[in-house]
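K.L.:
Given next are the chains, with one letter for each unit.
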Amino acid sequence: MELNDLRRHWQQPEPDAAAISAAQLRELLARQRGGLVDKMRRNARLEMALAIVFAGLMLAGLTRTHEIVVRLCAVFSLILMLVLVYYYYRLLAMLRQIAEPGSSVRNHLVQLCAGLRRMFHFNYRLTLWVLPYMILLIYGFFTGRLLAGKATYTWQTWAMAGGILLVVGAVLQVGIVHVTRWYMQRLYGQHLDRLESQLHELEESAGPRSTADS
Amino acid sequence: MSAVPSADFLAALHEYQPLVRRVCRLYCQDADDRQDLFQEIVLQLWRAWPRYVPHPDAKLSTWLYRIALNVAISNLRQRTRRPASVGLEDDAAQYLAQATEGSAYEPEEMAALYTAINRLSDVDKAFVLLYLEDRPYEEMADILGITQNNVRVKMHRVQEKLRKLLVHT
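So the protein sequences, as listed, match chains B and C.
For what it's worth, my numbering labels the leading residue of the first sequence as 9, then goes sequentially.
For what it's worth, my numbering labels the leading residue of the second sequence as 3, then goes sequentially.
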């Protein structure tokens with residue numbers, strides 16, 4: 009028996025294929041769970057909302073204090089939060105784009121692979137930058153207090169705390185690099201590998217028809 | 003976006019639901035997986051529906067095949083339930099018994115072919131599906147985004163793979 013022989017039987021309706029009613033469809037749409045992309049969108053929205061709340065808190069802090077060191081720290085924290093908000097905005101735009109399945113199979117795979125890879129690198133770079141930035145911010149705060157003569161600690165304590173912060177920061181950074189790689193490989197990497205192999209399989213032996221879909 | 007489906011979407015879904023079910027039947031052996039995939043395809047169809055523009059050269063079925071196959075192939079949901087090459091479920095066996103009724107083929111022959119199809123990759127299954135659906139090469143090329151010539155070459159290879167798999171079944 010060959011594929012051609014199966015053709016004539018293929019289009020017979022399934023025994024359990026009852027037509028979906030309007031009520032069932034409404035119920036389905038109301039409890040839409042979606043796949044990984046939906047989950048990523050939900051997480052990104054939540055994290056973006058948190059970054060906005062923190063940005064608001066920093067702004068409120070700026071108006072309530074006159075101490076220059078605290079204000080500077082609030083400004084740098086605000087910058088970090090705004091970078092994060094921009095990152096999540098871009099992430100959401102990209103997820104919206106890759107969640108659109110109306111193009112041809114090849115183009116959809118190209119978009120998914122490119123989008124996931126971009127996100128993978130962007131997310132990885134961001135994670136690597138956040139900890140050193142935070143450490144510099146904390147250390148800058150204590151240095152500023154000392155320079156302003158408002159600190160209750162000495163330069164020796166400051167230098168020792170700086171050394172500890174540097175060592176702890178370096179150890180944490182190494183840990184973060186490894187954990188981030190592992191987590192991102194687990195979250196996106198396996199999907200990316202699968203999608204890239206599918207794209208390769210579809211494209212092998214002949215080129216794509218065109219990049220635009222009719 | 004409103005969660006109330008429009009009448010034209012409902013009518014289109016009603017008409018093409020068997021097509022979506024057949025895509026699910028080819029890609030999922032487990033009844034729960036099949037239902038999950040069906041729901042995911044319907045959800046994506048509903049989301050994409052406002053952007054669907056009827057075009058004299060583009061059939062609604064082509065658009066539907068694209069979305070259904072894109073969801074089935076690039077499904078980013080975790081697939082943990084079972085591998086694709088497991089035996090047929092009871093409901094699939096029931097379908098086979100019904101499908102072979104009055105035909106020249108034994109249910110075992112058809113089951114062997116289904117098992118061989120299940121062992122193909124997701125991309126190869128897309129070629130099998132469109133072939134079984136009797137889609138012309140031009141439309142297959144349109145859905146898959148490759149040249150008609152490439153479709154012919156790939157289709158030939160898929161059939162060769164199936165023959166080999168059937169020999170080893």
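Worth flagging that the hints you see were computed from the coordinates, not collected in a lab.
Watch out, some of these pointers could steer you wrong.
[Claimed, not checked] Ranges between beta-carbon positions, derived for each pair:
{"id": "1", "chain 1": "B", "residue 1": "ARG15", "chain 2": "C", "residue 2": "GLU110", "range": "15 to 23 Å"}
{"id": "2", "chain 1": "B", "residue 1": "SER205", "chain 2": "C", "residue 2": "ALA60", "range": "28 to 36 Å"}
{"id": "3", "chain 1": "C", "residue 1": "SER63", "chain 2": "B", "residue 2": "GLY183", "range": "29 to 37 Å"}
[As the list claims (entries may be wrong)] Just so you have them, the derived chain B footprint on chain C, three or more residues with Cβ under 8 Å:
{"id": "4", "segment": "62-70"}
{"id": "5", "segment": "126-140"}
[Unchecked claim] Listed next, the stretches of chain B that the computed footprint assigns to chain C, with coverage defined by at least 3 CB atoms under 8 Å from CB atoms of chain C:
{"id": "6", "segment": "66-78"}
{"id": "7", "segment": "96-104"}
{"id": "8", "segment": "173-179"}
Keep in mind that this is a model prediction, so the values were computed, not measured.
The beta carbon of each residue, even a glycine, is placed where N, CA and C say it ideally should be.
K.L.:
15 to 23 Å was suggested as the range; check whether the CB atoms of B:ARG15 and C:GLU110 agree with it.
P.N.:
The hinted range 15 to 23 Å holds for B:ARG15 and C:GLU110, with Cβ atoms some 19 Å apart.
K.L.:
Just to make sure I understand the rule, a stretch counts as covered if three or more of its residues have a C-beta closer than 8 Å to a C-beta of the chain. Does the segment 126-140 of chain C meet that for chain B?
P.N.:
holds (count 7)
K.L.:
Does the segment 96-104 of chain B contain three or more residues whose Cβ lies closer than 8 Å to a Cβ of chain C?
P.N.:
violated (count 0)
K.L.:
Holds or violated: the 29 to 37 Å window for the beta-carbon distance between C:SER63 and B:GLY183?
P.N.:
53 Å, violated
K.L.:
Three or more residues of the segment 62-70 of chain C near chain B by CB distance under 8 Å?
P.N.:
With 3 residues closer than 8 Å to chain B, the segment 62-70 of chain C meets the three-residue bar; holds.
K.L.:
For the pair B:SER205 and C:ALA60, does the Cβ-Cβ distance stay inside 28 to 36 Å?
P.N.:
29 Å, holds
K.L.:
Counting residues of the segment 173-179 of chain B that have a beta-carbon nearer than 8 Å to any beta-carbon of chain C, does the count reach 3?
P.N.:
Three-residue rule not met by the segment 173-179 of chain B, so violated; n is 0.
K.L.:
Just to make sure I understand the rule, a stretch counts as covered if three or more of its residues have a C-beta closer than 8 Å to a C-beta of the chain. Does the segment 66-78 of chain B meet that for chain C?
P.N.:
Our answer is that it is violated, as 0 residues pass the Cβ test (under 8 Å) against chain C, missing three.
The structure shown violates the earlier hints numbered 3, 6, 7, 8.
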